[in-house]
Structures are given as structure tokens and as C-alpha cells.
Amino acid sequence: MALQDRLIVCRDCGREFVFTSGEQEFYQSKGLQNDPVRCPECRSVRKSIRTSPEAEAGYVRYGGAASFGGRTPRQMHPAACAMCGDMIEVPFLPRGDRPVFCTTVKRIMTLGYQMDEIQQRWGIHPCQVEGINQDLRRGLIPPKPGVEIPDFERTRS
-16 MALQDRLIVC
-6 RDCGREFVFT
4 SGEQEFYQSK
14 GLQNDPVRCP
24 ECRSVRKSIR
34 TSPEAEAGYV
44 RYGGAASFGG
54 RTPRQMHPAA
64 CAMCGDMIEV
74 PFLPRGDRPV
84 FCTTVKRIMT
94 LGYQMDEIQQ
104 RWGIHPCQVE
114 GINQDLRRGL
124 IPPKPGVEIP
134 DFERTRS
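Using the working numbering, the first residue of the sequence shown is number -16, and each one after it goes up by one.
Since the hints were made in silico from the structure, they are not lab data.
Treat each hint with caution, since some may be false.
[Unchecked claim] No farther apart than 20 Å at their CA atoms in a straight line, the calculated lysine to aspartate or glutamate pairs in the EDC-like style are these: (1) K30 <-> D69; (2) K13 <-> D(-5); (3) K89 <-> D69; (4) K89 <-> D99; (5) K30 <-> D(-5); (6) K13 <-> D(-12); (7) K89 <-> D118; (8) K127 <-> D99; (9) K30 <-> D18; (10) K30 <-> E72; (11) K13 <-> E(-1).
Please put together the full structure from these sequences, using the hints given.
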């Protein structure tokens, strides 16, 4: 049966609009089962409201730059790595009662090495040793013998 143009009443403004046979074919090709409930004008207004900067203050968008639900990015705080002293930024306010580590030292510690073992093997500044970060990313630095690393830690970059 051939599709025919249909009149639909807009949910928002109450005006009638034409749902053309071409639009119906498009909806079917995309697997959409429901007819539109808003006229093209109200749809564009609704879309512009959804994508406006004011709308980004809540849980509107996900992923990418809007990974916090469209809210402003998390505030970062400066801290010094407890091992090498390099300045880093962390998403929490360091209180001083617990050490904060840079990414390189954290990765080495995840492999089961203690701070003194890291200093003996790579020196006081392992993050400044040429190539250590590449070796960590490639998995060339093995876990400490006897340490079982969960699968999710092995696959993390």
C-alpha cells in the first residue's frame, strides 16, 4: 500500500502539519515506529533549547567534553607527587594526610612495587627516566613476582 501525506496536530502549538509520504518512508527506513508529535518549527525550537549553553547546566549530554553531564569541568588542584616531587593536578583537594602520586608512580605501584623498590630500580624520579612511560603503556614492565594484577588493571592505558 502506497504511503499518503497525513495531517497531524502539533503537541506544543496545536497547529496542523503535513507528515509527507517521503518523511514516512524516511521514518520507516530508520526503524522509527512513532509518528512525529511536533511540527517542524516546534521541533527546531525544542532542539535549540536542548543544545543551548543554559541547558548544559544539568544532565543533558553525555560523553566527550560533557562527561560530567554537561556541567562545568571538575576543578583541579595542584599537588606534588609524594615520590618524585613533580607537580601534578588532581580532582580532589589534597589534605596532606595521604600521599598523592603522579601517573607514572601510580602505574608502577599498581604493578606491586613499593616506593623503596621503585627508587632502587629506577631512581628517585622514575617519571623522568626516558622511555619508562612507553614501557608501562606497552606492558614491558612486568608485575612484581608473586603479585596478581586484576585484568582491568592490565588493559588500562
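Checklist entry - CA of K13 to CA of D(-12), is that 20 Å or under? => result holds, 18 Å
Next on the checklist: Tell me if the straight-line CA distance from K30 to D69 falls inside 20 Å.
Outcome noted: violated, 46 Å
Checklist entry - Do the alpha carbons of K30 and E72 lie within 20 Å of each other, as the hint requires? => result Roughly 36 Å between the alpha carbons, so the hint for K30 and E72 is violated.
Next on the checklist: Would the hint linking K127 and D99 be met if the CA-CA limit is 20 Å?
Outcome noted: Holds, at about 13 Å.
Checklist entry - When you check the alpha-carbon spacing of K30 and D(-5), does it fall within 20 Å? => result holds, 13 Å
Checklist entry - Does the structure keep K89 and D99 at a Cα separation of 20 Å or less? => result holds, 14 Å
Checklist entry - Has the given pair, K13 with E(-1), been kept, meaning a C-alpha gap of at most 20 Å? => result Between K13 and E(-1) the Cα gap is close to 24 Å, so the pair fails against 20 Å, i.e. violated.
Item to check | Pair hint K13 and D(-5), alpha-carbon separation not exceeding 20 Å | outcome: violated, 24 Å
Checklist entry - Are the Cα atoms of K89 and D69 separated by 20 Å or less? => result Roughly 13 Å separates the two Cα atoms, so the pair holds.
Checklist entry - Given the proposed pairing of K89 with D118, does the C-alpha separation stay at or below 20 Å? => result holds, 14 Å
Next on the checklist: K30 and D18 were given as a pair; does the straight-line alpha-carbon distance stay at or below 20 Å?
Outcome noted: The given pair, whose Cα atoms are some 17 Å apart, holds under the 20 Å limit.
Consistency with the previously given hints fails for numbers 1, 2, 10, 11, ordered from lowest to highest.
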